[in-house]
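A.B. asks: Next come the chains, spelled out residue by residue.
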Amino acid sequence: MTQTLNLSSHPAPPQQQNPYLIIEDVSKVYNTPQGPYTVLSGINLTVTEGEFICLIGHSGCGKSTLLDMVSGFRQPTFGQVRLKNERIYQPGPDRMVVFQNYSLLPWMSAFDNIYLAVKTVYSAKPKAEKIAIVREHLEMVGLTEAADKRPHELSGGMKQRVCIARALAIRPQVLILDEPFGALDAITREEMQEELLKIWQEHQVTVLMVTHDIDEALILADRIVMMTNGPGAQIGEIVTVPFTRPRDRTRIMESPDYHHLRNQALEFLFQRYAHDDT
Amino acid sequence: MAVSSYRSPVSSRFFLTKWLGPERLRKITTSSIAIFIVLGIWQLLCMGKDPALPPPLTVLTDTWGLIIDPFFNNGGTDVGLFWQILASLKRVAIGFSLAAITGIAVGILIGTSRLIYDALDPIFQVLRTVPPLAWLPISLAAFKDNEPSSIFVIFMTAIWPIVINTAVGVQQLPQDYKNVARVLKLSRADYFTNILLPATVPYVFTGLRIGIGLSWLAIVAAEMLVPGVGIGYFIWDSWTSSLISEIILALLYVGLVGLLLDKLVASIGRLLTPEEQK
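Protein chains in written order, with numbering that gives the first Met the number 0: chain A, 0 to 277; chain B, 0 to 277.
Calculated directly from the structure, the hints in this document are not laboratory data.
Treat the hints loosely; a few may be bogus.
[What the hints assert, rightly or not] Some chain B residues well away from chain A (every beta-carbon gap over 10 Å; in silico): (1) L85; (2) K89; (3) P136; (4) F142.
[To be verified] Think about it this way: if two alpha-carbon atoms lie no more than 25 Å apart in a straight line, the pair counts; the simulated DSS-like pairs of lysine-lysine are: (5) A/K129 / B/K26; (6) B/K184 / A/K124; (7) B/K262 / B/K26.
All C-beta atoms, glycine included, are put in the ideal place defined by N, C-alpha and C.
Let the hints inform the model, and build the full structure from the sequences given.
C.D. replies: Rendered as structure tokens:
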């Protein structure tokens with residue numbers, strides 16, 4: 000079912016090739032009053048350490064459900080998800096999530112929102128060190144000035160930065176992002192993509208990200224996982240993105256590979272798996 | 000120098016007009032006119048010979064002694080209106096505080112556990128419709144003393160809105176915040192103080208505000224039935240002595256104190272509620 004497509008003229012950067020995150024024969028079935036409803040069926044995906052994976056598919060294809068099974072908020076009906084050979088049963092800070100709607104606590108400042116995470120995960124560290132970690136990550140996302148602001152005083156982009164800082168401050172093994180930039184305007188979105196790439200390169204964290212935006216996926220990902228439509232969604236195609244890193248947006252966009260891959264993805268999403276709701 | 004000396008009177012005048020702005024001024028003017036019209040009608044209606052109720056000017060002259068000296072203390076129940084109201088407020092303070100503590104705790108408990116909620120909700124729904132004064136005979140029987148009985152009436156009156164609103168607040172806790180707690184694996188104590196409590200504050204204060212209003216309604220009624228110092232018994236005592244003017248003055252005070260209590264709880268609530276939740 001899964002076919003890998005590699006159009007690379009320059010090979011992808013070498014990754015550690017041992018499997019890190021394994022999604023094995025995962026299916027998710029919901030029991031509804033109308034009978035069982037299969038959201039995902041037979042998903043297999045192996046992610047290596049430090050890899051950047053983007054999931055693309057039409058809404059309702061179960062991308063978020065798949066993420067939830069990696070983060071541990073949901074359990075697969077069949078199959079299993081393993082991280083470093085340990086089966087995932089519940090959420091944990093080693094698989095930190097950047098939630099779709101930021102999920103910052105409105106009664107806490109940006110600093111305190113991150114501090115709560117740091118304090119919980121690094122409970123043994125001395126207070127000064129925990130504060131230093133928070134400061135460092137606020138600086139990383141360029142929000143040193145806004146440390147004492149509450150979420151309602153921050154713009155959408157700033158909130159998302161706080162959320163990413165919170166996620167990275169606790170050094171997760173896998174960073175899970177569910178359409179993190181969906182609510183942002185185009186310019187902020189590009190800025191955030193650049194920032195995420197920079198952070199990812201510095202931290203070498205494994206990233207699993209759901210997006211609707213093909214261009215975003217092509218700029219960010221090592222591999223793009225394209226899903227077929229639900230019910231019973233599967234991985235339709237996995238596209239390996241060959242561009243060398245660090246990536247330069249303008250250069251990539253001018254390359255013929257980019258257009259080839261983009262058309263490939265568009266063809267998949269809008270020809271072969273077009274939404275038939277018209 | 001010249002600039003600042005020129006500016007300060009302007010800005011202070013600006014502050015005054017802002018506080019006493021045209022909107023506020025208009026409201027004060029219209030409500031004053033309304034009060035005068037009402038008093039005027041009352042005065043006209045009760046002008047005849049030997050009216051059933053004294054007109055406002057008679058009330059004023061009759062009760063002038065009580066108005067100018069609210070602090071006299073001749074022992075027993077013959078004390079100034081300040082002490083009468085203070086005694087009532089003390090009972091409300093004790094009963095309401097106990098109701099607040101118990102109500103919030105029970106509310107959180109039934110809000111957290113569906114099972115306990117289903118078990119206790121029908122009981123609460125019945126008990127909360129019992130009129131406050133109906134509790135008085137049974138509490139007199141149980142406590143065999145006036146003081147704890149009237150406090151118990153306040154308690155039983157104020158607790159239901161607090162319990163129910165707190166429970167709703169806990170049940171309405173956004174899933175996002177729960178997810179943050181789960182992925183970070185927050186301890187129970189941290190979850191309680193950092194997420195559950197702050198998220199529930201606005202609901203709790205809605206309950207407290209209804210509760211304090213009901214308490215004040217109930218204490219006046221309860222005190223009428225149990226002799227002692229207190230504004231309720233003062234009203235009853237005036238009635239048995241046919242001092243109608245004193246009753247009218249006491250009613251006015253009861254209304255004003257009730258309004259102040261409501262404003263007090265509301266402003267504490269505003270103070271404790273984060274901007275984004277309002």
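A.B. asks: Taking each numbered hint in turn, which are not upheld by the structure, reported in ascending numerical order?
C.D. replies: Violated hint: only 5; rest satisfied.
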